[in-house]
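Take these sequences, add in the hints, and give me the full structure.
Number of protein chains: 2
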Amino acid sequence: MKTSLGAKTLASPTPTWVVCAYDAAGKPNGATIAWGGICCSKPPCLAISLRAATYTHGCITASKAFTVNVPRQDQAVIADYFGMASGRDTDKFAAAGVSAGKSDLVSAPYLQEFPLVFECALTHVVELGLHTQFVGEIKDVKADPEILTDGKIDMEKLGTVLYSPATRQYFGLGPLLGAGFSIGNAYVK
Amino acid sequence: MKTSLGAKTLASPTPTWVVCAYDAAGKPNGATIAWGGICCSKPPCLAISLRAATYTHGCITASKAFTVNVPRQDQAVIADYFGMASGRDTDKFAAAGVSAGKSDLVSAPYLQEFPLVFECALTHVVELGLHTQFVGEIKDVKADPEILTDGKIDMEKLGTVLYSPATRQYFGLGPLLGAGFSIGNAYVK
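As given, the protein sequences belong to chains P and H, one line each in that order.
Positions 1 to 189 (the numbering used here) are the ones given, in order, by the first sequence.
Positions 1 to 189 (the numbering used here) are the ones given, in order, by the second sequence.
FYI, nobody ran anything at the bench for these hints, they're computed from the structure.
These numbers come from a predicted model, not from an experiment.
Please note that the accuracy of each hint is not assured.
Note: identical chains are not told apart, hence a pair may lie in one copy or across any two.
Said to hold, decoys possible - Below, simulated DSBU-like cross-link-like pairs (lysine-lysine); rule was C-alpha separation at most 30 Å, straight line:
#, residue 1, residue 2
1, LYS139, LYS152
2, LYS42, LYS152
3, LYS8, LYS27
4, LYS157, LYS8
Here it is, written out as structure tokens:
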């Protein structure tokens with residue numbers, strides 16, 4: 001018998017992504033989000049959700065582009081900070097001691113110290129209620145060589161940071177459990 | 001200097017969610033997805049993406065409801081199987097030795113053996129290309145008592161299963177890294 005927890009966003013866990021965009025003055029801005037994920041394979045797209053009240057919401061609406069920046073485990077503190085302060089009154093990059101690069105594919109900055117970046121062009125805006133969902137077509141994925149093995153992302157090197165909204169906690173990536181489209185063969189007749 | 005990996009859906013990692021819906025004959029169906037996430041806080045909503053060619057796509061389009069079922073680490077094999085077979089020609093529940101319960105809030109089945117279930121009513125359909133995104137309003141979250149501490153989800157008890165599309169691997173949840181809206185105070189002046 002399951003226990004009812006109510007109509008809540010108790011995902012388990014979510015990504016920890018820092019979304020970067022330029023404001024109207026061309027200043028790089030970044031905000032950490034937990035509401036997001038890949039949403040289409042062809043064209044490759046991801047979705048992020050932001051409240052209209054956030055500074056980054058206005059930046060993306062105007063610039064029609066953003067990057068998604070994925071932290072290493074030891075960068076959870078930076079990601080948490082980017083979710084606490086507002087770009088309206090703070091230069092978060094300077095405060096956290098990180099630097100903004102400029103995407104050469106879309107009109108958006110990226111967080112140079114984070115090891116994995118998705119460069120996205122805005123394609124859909126879906127008003128859902130408190131949050132607006134922005135869908136971005138992934139124009140390129142760029143990675144630091146340190147997280148690659150044979151030219152591909154190595155999840156154990158990336159580590160990354162996961163968030164639990166239910167408990168407001170960050171977690172690292174755990175042990176390898178098995179190969180996809182493979183271990184399920186146990187049930188194929 | 002970052003390395004370009006191309007325009008790909010290399011998310012890192014994604015959820016491993018089994019989406020359940022009834023087909024036109026009332027038969028429970030389930031399919032594992034990696035493209036999904038929470039997308040709005042009020043009303044609480046999550047998004048999942050499915051290819052139009054999948055059996056579950058048709059089920060959700062017709063029934064306008066679905067559940068999202070979250071596995072424990074030791075259920076990764078079941079989740080992988082539900083992503084390999086098709087409900088068109090297989091009773092996946094019987095093959096994997098699991099059972100379908102009936103949601104009392106939406107017209108959808110759920111996977112009784114999985115510890116965490118989101119019951120969702122379809123609110124938006126967004127055609128993105130190869131995938132259709134279905135947004136569902138979360139009507140309730142139901143959990144097995146075994147994953148709760150003081151009535152709340154305990155991420156270390158849930159464990160859960162994460163997927164890496166880049167490498168086609170499943171991972172468990174890793175170590176606690178810190179508290180959200182807290183560790184970032186290190187950079188607040």
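Which numbered hints are broken by the structure, listed smallest first?
Every hint satisfied by this model.
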